[in-house]
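**Q** In order, the protein sequences belong to chains A and B.
Following this note's numbering, the numbering of the first sequence begins with 347 at its first residue and continues without gaps.
Following this note's numbering, the numbering of the second sequence begins with 1176 at its first residue and continues without gaps.
A portion of the hints provided could be inaccurate.
Result set (BS3-like, lysine-lysine): computed pairs, CA atoms no more than 27 Å apart in a straight line [as the list claims (entries may be wrong)]:
| hint | chain 1 | residue 1 | chain 2 | residue 2 |
| --- | --- | --- | --- | --- |
| 1 | A | Lys579 | B | Lys1383 |
| 2 | A | Lys538 | B | Lys1383 |
| 3 | A | Lys579 | A | Lys564 |
| 4 | B | Lys1264 | B | Lys1383 |
Now the stretches of chain B that chain A is said to cover, found in silico as 3 or more residues with beta-carbon under 8 Å [stated by the list, open to error]:
| hint | segment |
| --- | --- |
| 5 | 1235 to 1243 |
| 6 | 1295 to 1304 |
Because the hints were derived from the structure by calculation, they are not lab data.
Each residue gets a CB set at the ideal place from its N, CA and C atoms; glycine is no exception.
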Amino acid sequence: MKSVLAVLTVVAGIIGIWYLACVPMNIKGVLDAAERAGTEVVPATARERRDASALGLVANNSFAISSTWSVDRPRLPAPHQVAVELWQTTVEKKITSKRSLIYHAQVTLSATLFGFALGTGLGILLAVGIVHSRVMDMSVMPWAIVSQTIPIIALAPMIIVVLYSIGVQGLLPKAIIAAYLSFFPVVVGMVKGLRSPDHMQLDLMRTYGATGGQVFWKLRLPSSMPYLFASLKIGIAASLVGAIVGELPTGAVAGLGARLLAGSYYGQTVQIWSALFGAAILAGLLVALLGLIERLLLRRMGVRT
Amino acid sequence: MALVVLALLVWAAGWWVNARLANGQHAHSRAVGLAVPAIFGLTLLLMWELLVRGLQVPMVILPAPSLIAARFAGSLPILWQDFSQTILKGALGGYLIGCCAAVLIAILVDRSDFLRRGLLPVGNFVAALPIVGTAPILVMWFGFDWHSKAAVVVVMVFFPMLVNTVAGLREATEMQRDLMHTYAASYWQALLKLRLPAALPFIFNGLKISTTLALVGAIVAEFFGSPTVGMGFRISTSVGQLALDMVWAEIVVAALAGSLFYGLIALMEASLTFWHPSQRG
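Looking at chain B on its own, in the form it has when it is part of the complex (with noise of 0.2 Å):
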């Protein structure tokens, strides 16, 4: 019981910290903005670990974050070929070719007015989509291993990146077309130089929704069937065998690899969009 209390004391003092940092007058200063969160979240955790223990939370239903940390440790290479079986070769495998797949395509698309315009409904529409629904598909045609798990991927980004391309595209203005028009250029050169440059924007949207879409896809395909190893095929097993903190620390990995994958990409965005005015804020 004392340890519930504690947990609540532990909140109260966490929220009473915070609301002086945000209140206080260095509120807008980065430190803060910082703090404030990591605060946030440090309290939650160990409410978590004070409320587990207090209450005697069995480990099959909620283990503590101190079990699961404990977990994580000690399994580093289980997590490690997990992480490389599912991340580095199904998510990022699938990833790379789906993106530079819609990419391409997009070019070919926007040189006819009539494609873009069919096809800008179509891909909108499937984008929306539950489109993970093709992985037993893909699993029976491309067998158990990461190739299925990868060509998931590619069917799950491809669309998101496709529209947000081909809209990219359109985003040079009459203008600046036209000034690459009297300075002769060609349509490669005023792709290259006009209208790619322009469409990054919009690109590096549609890979930032795509890091996250693909780490989904490769995770759930291996749901439909994998190899004894990789993130999705461990938690489904774990889950089975009750051992929950096995669970939460592929989960931690998943979560891991999912901000670190989006963070690549916003500070590749970052070094070059740099001139677009959402990055000069």
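Looking at chain A on its own, in the form it has when it is part of the complex (with noise of 0.2 Å):
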């Protein structure tokens, strides 16, 4: 309960942070905006704004400070707008309609989707090939474990450009990159947790004459669980981003990367922002199913937590 408090505190500070910030960053073109309406501004004329600072301006015109949070296109929007285009472009428009965010969100769900899946799947079966195969292990590791160090998303670009040249294009390309980036965190996760039944258990399966293949269903899943969910939630993040990214490289006309990218060539500061949003409450109920998943799997283990 007290945690909750304490959440929602830091919440609250960070709304009121963003709102302060939003004065010094917007003053310039609100006052632009009331010169020309004709109100009278210190100082008076945009050259000399342009070199004055900021918070200068603030407090030399402080009738300007409540517009700052409503401009058209502001440097930085206020919360409040993005939550109100967040709410406009979820819920008033028509899931079919160009213009929602749901519609775009679930271009790139079930792209991100799709590659997760394939990525999971063929972590998991790689890690169990390395689990019971020495030969992979002391081959296929050390290369697990090194590409997690570099910015493989940099190949994105080159898969999307390679995939239209042979013919493939919309979901696939996209969630082939999806699928790479969760792809090497749960190799690595998995054999993680593959190997974490410690010697008794092993020798204690051994006594009761278990065959590898018992070994495996009955103790070594059963106790990858853990590591396979933590290392799950790091990929569905790095899928999500991965379809992201694979959208801008081609100007993909749907989903969320699209709308940042149309965003940022229009000037559409509120758009950016609450395709920025989407995407962050996307991956956030993304990765709570997967906490929830986790929570009742382990429960039905007889796990307490």
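The two chains are supplied separately, each in an independent frame; assemble them into the complex guided by the hints.
**A** In structure tokens, the structure reads:
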């Protein structure tokens, strides 16, 4: 209960700082508009204001503060502007509309989930292979670990364009990027998890006369679950980033990445922020969903938390 | 066709050597531990080369490693320019600012239990979000040059670093703190001599996670606008010109930079946290 209060305080603090930051960020635009509308501002011309410090402008023109929170194309939109835009583009628009954020989120989400499933499946298979074969362990594992230190997302534009040139487009290229981004964390986490039973437990299985398959299904796999879910959470966040970045290079027309790019081309800051928050909410939901599945699964397996 | 068969033979030979090495009597020696992945990597490279040549895969789909190496050697000045723009200025600048800021804020936050309780869940949540998405906003604010890339990197590394440092500062046990108390150590003495050193394994964990994030941030931010230099810029324009050998050369640079950066941090960790069980192994 105390933590909930603390979290709420921190969130409120962040929103407060955000509102404060809007004032110096947007003051110049507001003053330019006010001057054009005939209001008296200090200093009087745009040229003088360009060199003045934002905080000084705020101090001299305190009447303009309230309007910095409702600019049409602000440098930094106020929280409520983003919230209103989010509400309008999710609830008030039809889902099929090209302006609906849900439509764009669903485009990104389908690529993310498809790629995530692919990457996770292959990752688990490879991890099983690594745990059971010494050769694979020694050959593949170092590369899987090294791959986590390099920005493999740099491959994304190339994958999109190469697949496009051989006629594959739409969902699949993005899904491939999402897949390989979630692949390596899952391999590394799953190998760790499948190795987590200690010698005592493995010896016990041996005294029971358990076969290799039985050891895997009854001991190794169940005890790998906490590790698997930890890396699944990292993997799905990486998949989402991959799907979003995958939408950038070809100038895709649909998806959260496309919204970001279009917003940055046309200076629609509110649209960028709402797409950003859309992506954040989506990531939060996906991670929370995995957390829920983890809790249910672990409870079924009899783990007390 | 002969080349394809040769590729399969190379694969079989590489696997056979590795199987012999991995199941042989020296399997636990350091040399074999290094040789096996190296042979595996070489086998893959050779197969790539042979298959691309054998099946005559066009350059616009997958260039052969030899072509990439030739391009790499041939355009070292360009690659160096891109490297210094993206990695040295953008990624490293942002990394230093972001990590230092996060550690300082973590020390401040640690003084208040209430703040710490509130900030940890928020920080954990933010660390899982697709923060690269802030790139278009920050490019709009800070211009096309490396400052905006550094800003993206700051935002990306800040929260993982903050969460790790805050967790690390709780690492010193009650006993140890009491001991410092009986020594009449001031807050700063306890912080510098006990709690920060005890937090180092966590801080280094954050630093290591952040190395990759920093490179990702700096490269991806360039897709949203950059001067005509930089790795992300070069990748996106070369992809547009279908000069895939250049793209691969940049990716090689990114891979080298990433492993080197991570390796440096890991080296520092080994020398500073030599006392920690994970380092004594």
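**Q** Next, verify each hint and record whether it holds.
**A** Status of each hint after checking the structure:
In summary, the hint linking lysine 579/A to lysine 1383/B is supported, as the alpha carbons are separated by about 18 Å, within the 27 Å threshold. With a C-alpha separation of about 19 Å, the suggested pairing of lysine 538/A with lysine 1383/B holds against the 27 Å cut-off. For the suggested pair lysine 579/A and lysine 564/A, the alpha carbons sit about 24 Å apart, so the restraint of at most 27 Å is met. A threshold of 27 Å between alpha carbons decides the hint, and for lysine 1264/B with lysine 1383/B the separation of about 19 Å falls inside it, so the pair holds.
Taking a C-beta to C-beta cut-off of 8 Å, the segment 1235 to 1243 of chain B contributes 3 residues in contact with chain A, enough for the three needed, and the coverage statement holds. Note: the segment 1295 to 1304 of chain B has 5 residues with beta-carbon separation from chain A under 8 Å; the three-residue rule is met and the coverage holds.
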